[in-house]
Amino acid sequence: MKRIYLGEFEELVLLIVAMLEQEAYGVRITHEIIEQTDRSVRLNQVHASLHRLEEKGMIVSKMGDPTPERGGRRKRIFTITAFGRTTLIEMKAVRSHLWNLLPASMKIAGA
Amino acid sequence: MKNNQPVATPPRWATKLLHWYCAPHLLEEVQGDLEEEFEFQVNQIGVTKARLDYIRNVFGFIKPFAIKRKKTPHSNSFKMNMIKHYTTIAWRNVIRQKSFSAINVVGLALGMTCCLFIFLWVQDEKSVDNFHANGKNLYVLYQTTISGGKVNGNYSTPAGLIYQDPTVQNRNEAEAISLSEIKQIAPETEKITTYATGYELP
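One line per chain: the protein sequences are A and X, in this order. Going by the numbering used here, 101 is the number at position 101 of the first sequence; the sequence numbering is gapless. Going by the numbering used here, 173 is the number at position 173 of the second sequence; the sequence numbering is gapless.
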């Protein structure tokens with residue numbers, strides 16, 4: 001089996017990209033992470049992570065249309081690839097499998 | 001919403017810094033994101049803090065992924081291919097003309113060996129008597145004697161060295177001085193001593 005390596009933060013970013021569909025770009029992802037997870041994230045961290053994810057082939061990007069805000073500059077819109085989606089599904093499967101193996105006491109505490 | 005300034009702008013120098021280090025193909029999205037974030041933060045925390053946040057963001061982006069320039073498809077591979085080609089052609093020529101190549105290689109090897117030996121020799125020559133602390137001010141007298149039409153040279157300096165003016169034809173009448181009087185010829189001489197050596201080459 002091919003080993004998939006994905007950092008914890010990268011997994012989070014990948015999930016947010018999948019969630020936002022056609023609206024995933026730097027600022028939006030950052031704000032979404034702050035809102036949904038209550039972490040303090042900086043824009044540059046998200047950009048670096050997106051860069052790595054793209055190198056790994058989990059996401060693809062294209063330049064969007066220019067908008068009047070942000071000085072008429074275009075956004076880079078990220079979308080998840082099929083490889084990225086299977087990776088997320090596999091990770092989730094591994095996790096739920098491990099959760100099922102946990103003793104009952106842990107499960108109650110976790111829930 | 002604080003709106004005491006009509007249009008809030010991020011610090012110009014920070015933007016310039018971004019323009020300087022950021023890779024051109026990433027600049028548009030990065031700058032756009034930074035500006036959008038700035039406008040968002042102006043409404044959230046005010047202009048002054050938003051400007052500080054913008055500066056922090058600009059510095060935060062100084063990372064390899066943002067600095068690294070995009071490779072052009074030809075730049076690297078093209079040069080490397082040519083070098084490989086040159087070596088191939090050179091090697092084929094060597095193989096094709098074996099005797100001529102052998103002469104060339106042996107000649108070059110001989111030349112390089114000789115050159116190295118010459119360097120070693122010069123180095124050795126230059127190291128002779130190097131231990132003198134004031135070597136720059138030391139001079140050895142070189143004595144030439146003419147006997148039977150033959151000129152002989154010698155570094156041995158006898159105490160009673162005779163100096164004769166070479167322009168005088170009749171040697172018996174020439175004025176002569178001894179070593180102790182050498183200051184007459186070279187007034188800058190500070191000290192004189194005798195020196196014995198078997199070294200005779202000029």
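Simulated from the structure, these hints should not be mistaken for lab results. Here the structure is a predicted model, which means the values were calculated and not measured. The C-beta atom is built at its ideal place from N, Cα and C for all residues, glycine as well. Some hints here could point you the wrong way.
Simulated coverage check for chain X against chain A, where a stretch passes if three residues somewhere in it have a Cβ under 8 Å from a Cβ of chain A [to be verified]: (1) 34-44; (2) 58-65; (3) 88-99.
Lysine-lysine pairs mimicking DSSO-like chemistry, simulated, CA-CA at most 30 Å apart [to be verified]: (4) A:K56 with X:K49; (5) X:K49 with X:K63; (6) A:K62 with X:K63.
Pair by pair, the computed Cβ-Cβ distance ranges are [what the hints assert, rightly or not]: (7) A:L102 with X:F40: 40 to 50 Å; (8) A:M106 with X:I67: 41 to 51 Å; (9) X:M82 with A:I34: 19 to 29 Å; (10) X:R69 with A:E8: 27 to 37 Å; (11) A:M63 with X:M112: 33 to 43 Å; (12) X:M82 with A:A82: 20 to 30 Å; (13) X:F40 with A:Q22: 19 to 29 Å; (14) X:R69 with A:K62: 16 to 26 Å; (15) X:K70 with A:N100: 43 to 53 Å; (16) A:K62 with X:T88: 41 to 51 Å; (17) A:E23 with X:T87: 51 to 61 Å; (18) X:H25 with A:M106: 41 to 51 Å; (19) X:I45 with A:S105: 24 to 34 Å.
Hints, verified against the model:
no.	hint	in the structure
1	34-44	holds (count 6)
2	58-65	holds (count 4)
3	88-99	violated (count 0)
4	A:K56 with X:K49	36 Å, violated
5	X:K49 with X:K63	23 Å, holds
6	A:K62 with X:K63	22 Å, holds
7	A:L102 with X:F40: 40 to 50 Å	41 Å, holds
8	A:M106 with X:I67: 41 to 51 Å	45 Å, holds
9	X:M82 with A:I34: 19 to 29 Å	52 Å, violated
10	X:R69 with A:E8: 27 to 37 Å	30 Å, holds
11	A:M63 with X:M112: 33 to 43 Å	59 Å, violated
12	X:M82 with A:A82: 20 to 30 Å	40 Å, violated
13	X:F40 with A:Q22: 19 to 29 Å	20 Å, holds
14	X:R69 with A:K62: 16 to 26 Å	21 Å, holds
15	X:K70 with A:N100: 43 to 53 Å	46 Å, holds
16	A:K62 with X:T88: 41 to 51 Å	42 Å, holds
17	A:E23 with X:T87: 51 to 61 Å	54 Å, holds
18	X:H25 with A:M106: 41 to 51 Å	48 Å, holds
19	X:I45 with A:S105: 24 to 34 Å	45 Å, violated
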